[in-house]
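Colleague: Protein chains in written order, with this note's numbering: chain R, 236 to 756; chain B, 62 to 469; chain W, 218 to 470.
Simulated from the structure, these hints should not be mistaken for lab results.
One should not assume that every hint holds.
As the list claims (entries may be wrong) - Simulated restraints on C-beta separations:
| # | chain 1 | residue 1 | chain 2 | residue 2 | range |
| --- | --- | --- | --- | --- | --- |
| 1 | B | Glu-205 | R | Gln-733 | 58 to 66 Å |
| 2 | R | Lys-442 | W | Thr-236 | 55 to 63 Å |
| 3 | R | Gly-474 | W | Gly-273 | 25 to 33 Å |
| 4 | B | Asp-405 | W | Lys-350 | 42 to 50 Å |
| 5 | W | Gly-273 | B | Asp-405 | 41 to 49 Å |
| 6 | W | Gly-464 | R | Gly-726 | 38 to 46 Å |
| 7 | W | Glu-222 | R | Lys-442 | 52 to 60 Å |
| 8 | R | Ala-422 | W | Gly-369 | 50 to 58 Å |
| 9 | R | Arg-729 | W | Gly-273 | 50 to 58 Å |
| 10 | W | Ala-247 | B | Val-453 | 48 to 56 Å |
| 11 | B | Val-453 | W | Lys-360 | 55 to 63 Å |
| 12 | B | Leu-432 | W | Tyr-307 | 50 to 58 Å |
Claimed, not checked - With a cut-off of at most 20 Å between alpha-carbon atoms, the simulated EDC-like pairs for lysine to aspartate or glutamate come out as follows:
| # | chain 1 | residue 1 | chain 2 | residue 2 |
| --- | --- | --- | --- | --- |
| 13 | R | Lys-700 | B | Asp-356 |
| 14 | W | Lys-235 | R | Asp-503 |
| 15 | R | Lys-621 | B | Asp-377 |
| 16 | R | Lys-655 | B | Glu-441 |
| 17 | R | Lys-627 | B | Glu-449 |
| 18 | W | Lys-436 | W | Glu-452 |
| 19 | W | Lys-360 | B | Glu-456 |
| 20 | W | Lys-442 | W | Glu-468 |
| 21 | R | Lys-627 | W | Glu-468 |
| 22 | R | Lys-421 | R | Glu-326 |
| 23 | R | Lys-627 | B | Glu-388 |
| 24 | R | Lys-655 | B | Glu-79 |
| 25 | W | Lys-360 | B | Asp-327 |
| 26 | B | Lys-272 | B | Glu-449 |
| 27 | R | Lys-656 | B | Asp-389 |
| 28 | R | Lys-642 | B | Asp-327 |
| 29 | R | Lys-700 | B | Asp-377 |
| 30 | R | Lys-420 | R | Asp-452 |
| 31 | W | Lys-436 | W | Glu-230 |
| 32 | R | Lys-656 | B | Asp-405 |
| 33 | R | Lys-700 | R | Glu-752 |
| 34 | W | Lys-360 | B | Asp-455 |
Note that the structure is a prediction, hence the values are computed from the model and not measured.
Ideal Cβ positions, reconstructed from N, Cα and C, are used throughout, including at glycine.
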Amino acid sequence: MMDCCGGIEEHDDDCADVKVKEGIDAKTVEAAKRLESENYSAGFITDIEMDMAPIGLSEDTVRFISAKKNEPEWLLEWRLEAYRRWLTMEEPSWARVHYPKIDFQAYYYYAAPKAGAKYKSIDDVPREILEAYEKLGIPLREAEVLLGVEGAADTAAAAREKPRVAVDAVFDSVSVATTFREELKKAGVIFMSISEAVHEHPELVKKYLGSVVPTSDNFYATLNSAVFSDGSFVYIPKGVRCPMELSTYFRMNAENTGQFERTLIIADEAAYVSYLEGCTAPMRDENQLHAAVVELVALDDAEIKYSTVQNWWPGDEEGKGGIFNFVTKRGDCRGARSKISWTQVETGSAVTWKYPSCILRGDDSVGEFYSIAVTNGRQQADTGTKMIHLGKRTRSRIISKGISAGKSDNTYRGLVSIHKKAEGARNFTQCDSLLIGDRCGAHTVPYIENRRADAQLEHEATTTKLSEDQLFYVRQRGIAEEQAVALLVNGFVREVLQELPMEFAVEAQKLLEVSLEGSVG
Amino acid sequence: MSIALKDLIRNPSVAELELVARYAALKADPRRERLFEAFALTGLPHRRNEEWRWSDFKAAVGALEASATPPAQDPLASDGVATLKLTPQGYVAPVSLPPGLRLLPKDDVQAMSGAEDAPLGALAAALSGAKNAPATLMAEVTGETPVRLHMVFSGPGAINAARIVFLVRPGAELQVSESHLGGAAFSTALIEYTLQPGARLDRVVYQRGGKGEAQAITALIHQEADAETKQTVLAFGARVSRIETRLVHHETGSRATLNAAYLAGDGYHVDFTSHVRHGARACVTRQVTKGAVVDGGRGVFQGKFHVPRNTGQQTDASMQHNALLLEDGAEVFAKPELEILADDVQCAHGNTSGQLDAAQLFYLRQRGIPLVQARALLTEAFIAQALEEAGVHDEALRAQAQAWLSEV
Amino acid sequence: MLKIENLSATVGEGEAAKTIINGLSLKVPAGEVHAIMGPNGAGKSTLSYVLTGREGYEVTGGGATLDGADILAMDPEERAAAGLFLSFQYPVEIPGVPVMTFVRTAMNAQRKKRGEPEISAPDYLKKSRDVAKMLNLDADMLKRPVNVGFSGGEKKRLEIYQMMMLEPRFMVLDETDSGLDIDALRTVADGVNALRAPERGMLVITHYQRLLDHIKPDKVHVLAKGRIIKTGGPELAHRLEKEGYDGVLAEAV
Ligand SMILES: Nc1ncnc2c1ncn2[C@@H]1O[C@H](COP(=O)(O)OP(=O)(O)O)[C@@H](O)[C@H]1O
Ligand SMILES: [Mg+2]
């Protein structure tokens, strides 16, 4: 979606490149071809038969998942150990988010599409969502991806020939297609679902899985370790600059599913990769649970750029429905001069709990966090980053822009920690919050720990409302209020948008407009 | 009763048991009980309490025996000014009170607002009233001319728990200086100021404790319409020390300036915590905190602005904390926090920590000032910025800061 | 007096280091005023920082002497005591340090280094008053912290105030004219001219002819791409004012 040049005419035969999973391949390809030829008004939404684990969570669920995936014994043990530990843990309560107690037994922990999908009418797609995506100007096939139309991901991915983005689409719990595999293979890049990687590259998975986010890390990460279903695996070998941007879609389709992807990206010495993650979910009344873990490892001189645009269903205006998003994302700058950069645009989810972090272990390593978080309606977001400076001359930069509207709450929570050996470490943090309307909240909770005299730490934060003067100025020039707000908000978040890959940035900008609709007046 | 209370504190330490015993020895009083309960919810705060994550009193307060160090010298003492002494043995009122000041020793314990949020303040209130001390010492300030008062909190002894409650009447002005000089193993003081409409408070605090002591100073400031507070603190810390100011703007037009400087030597810990609630329209808060820390010292700054929904509109609040780590081995931890639920506000905070500014240092050297001298000049100026509003005490505080800096 | 020979210098640390000054040579004899003009980003300010010893600017070749003394080997304060003064393009704000304290400290530090006695408080005050009067500086301004809350023009005047107080032997003025209105420009120029003397030298970095109308240079140099590409008399400045740098730059290639 967010990474496409927008045109559909470049489409060619990349379907051949699409490796599809057993069981759904025929239908997927067929659906893809059909969608191609039909116009939007006659489009389809997919209601797919799902293969599900029994509801609830127990050791048996864990065994079920592991067995479904034919996992080796060590991985089952790894999961079980995490599960047992999880039983002893308490759900954290320190974040500034409020939600009804989650009944972890009320979710399905595994859901995979079965062969033989059947289609229903587009009339089933809620009007608001359709309108929203129309406004986004997201191309036909991209919109279908967002709407969860089966097969759309594959064709959309195929249409991406121009921007050259390889896609790994995660449909609920399983990865359904990975495009451009052959070409990546030539470059030596491994890009596949993590369940495939377990079989095809066990030595890499075993070495790195859980090495950044240990199974014991936190309540949600531990849960993820026990029941993770699928996710992407990326390995960029020494000295390789990944020839294209890699991308994942996460779609939540099934009702009451928990989605627990696990992503593992390793950039070996002097390697480079830019990874894009897009997330969407259809509108449903119940709350869906998402507890992902993303681990990044950058060895000497390697660089990983990880961009996320998250526009999961935030729930309706009354706060009904929407995604609970509890995500652990962490990058380990393990090597000297390595660099990890997180960029996120968060506009969705009912509840967000997310702190993409960097452990700056290697000397001269660099961590960056660029964030835009928009909350509207009754959304609650508690997000930020942690920069842990361990190595010498490590540098970090945090730019966070929070926008609150409606009756939402938006919290920046961040940690900058300079350890005793981090000679000459540097951090710069800028956290700005914008309030639109008087029913919302903006909160800033930074923790700044310095243990080095030669470190230089700077933190600035502001909270203001949209400037009346600016608004008037823009409107005096004939721009309608909503558009004026959008214009000013875009100015406010500019610094972060600039960090996004170009196609992503354009989409993000439109998404901001949509997210803030109805916030003025 | 004391058994139930003892059970309230999880895994009580030796010191906590002693505190329970001291409480149990005091005259029973339902308000006192409520205050002690508020303390017992956390007990001596420790690093697992979010608000105390960098200042662990439970670990630092050992057996409550008389301190080995005598109280520090008092740089704010002045002959012409009425002085109130608060010691482990009770209080000593000035021989003659200035016009406009009335002291009212009360036999019963007065309630304290927000006791749960300030466990060591609650403890001070729960334990005051031993020996010759009143359960609550109250003071009323009236009149047109400013009232000057100096207060000394010092040992010797094991515990110095003191509480004093000021009521500043409409339009009246209190110029108060407080010297917290230590000399007790554990000192905890609760000072409450209520400023009625148009009242003014000038508060200067000097804190210096011994290397083996624990010190907590809790101030609760309530401001009504158009009231104004100017506060300046200079602190040198103790083994563990916390200087906490909890201020509420209750009515429109209330203003506060909260400045502080800390200098933490080897083995010293200084914690500045403030919580300002903008509970009314168009109130203003300005806060500047500067610190310098050497090897083995720790500085903590936790500042929070809370702007509630509706009532906090037109808040204008800014917070600055800047710290210099003069040597490796120094630690500075900061948490400048904003909690904003109203939209028509101007709130900002800034936080820096590290070395002196390289551009400034170069500018001075370009004019021919040698490096060592340039550093000293800049460091002194850096600290002095937080002392500028200390009025008559500006010089005395500066001299203390200078003396400390010239030794490091 | 000031002799720069084949000087090369980089800005930035480690891999980010860029060569900005690239084989620059220049001589300013005692008693002369030389102007340096050049397009934005040419390296003019960089040259001033390299001469005065700012951190982050590394000399990679060549040298510079003031009256035969190797200034590049000295600490910044030693260079200042040797008589080198820089009027900064962007003067730094120093909160908490009043101008008076600052300048007196600097003056006495320099005197001490040169083995001269400290200035007495009354002498200092008198001198300060005279200088301030000449520069139209408000006495109140001298009580305020250095440059804090000063307007652009006030900052530049304060630079000249410091220069006149410290009476350096060699002055580098980096765009001292920018941000000044016409009256302030004249005042500043008067101050600078008052310091012109047979034993003093001066480098005036500027973009505009108008400053050179007031401070008549003996020579005008054009700095581009890190070196002096053309040297001429005052008429060169007039030509640049009219034609811009393009012509001169083209000739140099
Ligand atoms: N600290 C620095 N780090 C990197 N580049 C710098 C730094 N300072 C100056 N430069 C670069 O050096 C060049 C010369 O700058 P400067 O000397 O300020 O030019 P001028 O004063 O002639 O306008 C410019 O390209 C500028 O961007
Ligand atoms: Mg310049």
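Colleague: If a hint holds in the structure, say so; if it doesn't, say that too.
Modeller: Cross-check of the supplied hints:
1. The supplied range of 58 to 66 Å is met by Glu-205 of chain B and Gln-733 of chain R, whose beta-carbon atoms lie about 60 Å from each other.
2. Remark: the range hint 55 to 63 Å for Lys-442 of chain R to Thr-236 of chain W is contradicted by a beta-carbon distance near 43 Å.
3. Against the hinted window of 25 to 33 Å, the Cβ-Cβ separation of Gly-474 of chain R and Gly-273 of chain W comes to about 32 Å, which satisfies the hint.
4. At about 48 Å, the CB distance of Asp-405 of chain B to Lys-350 of chain W agrees with the hint of 42 to 50 Å.
5. Checked against the given bound of 41 to 49 Å, the beta carbons of Gly-273 of chain W and Asp-405 of chain B, roughly 43 Å apart, stay inside it.
6. Against the hinted window of 38 to 46 Å, the Cβ-Cβ separation of Gly-464 of chain W and Gly-726 of chain R comes to about 40 Å, which satisfies the hint.
7. Separated by about 58 Å at the C-beta atoms, Glu-222 of chain W and Lys-442 of chain R satisfy the suggested range of 52 to 60 Å.
8. In this structure the supplied range 50 to 58 Å holds for Ala-422 of chain R paired with Gly-369 of chain W, their Cβ-Cβ distance being about 54 Å.
9. Roughly 29 Å separates the CB atoms of Arg-729 of chain R and Gly-273 of chain W, a value that falls outside the hinted 50 to 58 Å.
10. For the hinted restraint 48 to 56 Å between Ala-247 of chain W and Val-453 of chain B, the CB-CB distance of approximately 54 Å keeps it satisfied.
11. In this structure the hint that Val-453 of chain B and Lys-360 of chain W lie 55 to 63 Å apart at CB is violated, the actual value being about 19 Å.
12. Taking 50 to 58 Å as the suggested C-beta distance range, the pair Leu-432 of chain B and Tyr-307 of chain W does not conform, at roughly 22 Å.
13. Between Lys-700 of chain R and Asp-356 of chain B the alpha-carbon distance is near 42 Å, which puts this suggested pair outside the 20 Å criterion.
14. Pair hint Lys-235 of chain W plus Asp-503 of chain R does not hold up; C-alpha atoms about 29 Å apart against a cutoff of 20 Å.
15. This hinted pair does not check out: Lys-621 of chain R and Asp-377 of chain B have alpha carbons roughly 29 Å apart, beyond 20 Å.
16. With a C-alpha separation of about 26 Å, the suggested pair Lys-655 of chain R and Glu-441 of chain B falls outside the 20 Å cut-off, and the hint is violated.
17. Between Lys-627 of chain R and Glu-449 of chain B the alpha-carbon distance is near 38 Å, which puts this suggested pair outside the 20 Å criterion.
18. A C-alpha spacing of about 9 Å is found between Lys-436 of chain W and Glu-452 of chain W, which places the hinted pair at or below 20 Å, so the restraint holds.
19. At most 20 Å may separate the alpha-carbon atoms for a hinted pair to count; Lys-360 of chain W and Glu-456 of chain B meet this at roughly 17 Å.
20. Restraint check for Lys-442 of chain W and Glu-468 of chain W: the C-alpha separation of about 14 Å stays at or below 20 Å, so the hint holds.
21. Between Lys-627 of chain R and Glu-468 of chain W the alpha-carbon distance is near 48 Å, which puts this suggested pair outside the 20 Å criterion.
22. With a CA separation close to 44 Å, the supplied pair Lys-421 of chain R and Glu-326 of chain R exceeds the 20 Å bound.
23. This hinted pair checks out: Lys-627 of chain R and Glu-388 of chain B have alpha carbons roughly 17 Å apart, not beyond 20 Å.
24. Between Lys-655 of chain R and Glu-79 of chain B the alpha-carbon distance is near 37 Å, which puts this suggested pair outside the 20 Å criterion.
25. About 35 Å separates the Cα atoms of Lys-360 of chain W and Asp-327 of chain B, which puts this hinted pair outside 20 Å; it is violated.
26. For the hint linking Lys-272 of chain B to Glu-449 of chain B, the alpha-carbon distance of about 28 Å lies beyond 20 Å, and the restraint is violated.
27. Between the alpha carbons of Lys-656 of chain R and Asp-389 of chain B the distance comes to roughly 10 Å, so the proposed pair stays at or under 20 Å and holds.
28. Only pairs whose Cα atoms come within 20 Å are accepted, and Lys-642 of chain R paired with Asp-327 of chain B is rejected, the gap being roughly 48 Å.
29. Proposed proximity of Lys-700 of chain R and Asp-377 of chain B is supported: the alpha carbons are some 12 Å apart, at most 20 Å.
30. Among the hinted pairs, Lys-420 of chain R with Asp-452 of chain R is inconsistent with the structure: their alpha-carbon atoms are about 33 Å apart, more than 20 Å.
31. Using a Cα cut-off of 20 Å, the hinted pair Lys-436 of chain W and Glu-230 of chain W is violated, with the two alpha carbons roughly 34 Å apart.
32. For the hint pairing Lys-656 of chain R with Asp-405 of chain B, the CA-to-CA distance comes to about 44 Å; that exceeds 20 Å, so the pair is violated.
33. Note on Lys-700 of chain R and Glu-752 of chain R: the hinted pairing holds, with a Cα-Cα distance of about 17 Å set against a maximum of 20 Å.
34. The suggested pairing of Lys-360 of chain W with Asp-455 of chain B holds, with an alpha-carbon distance near 17 Å, which does not exceed 20 Å.
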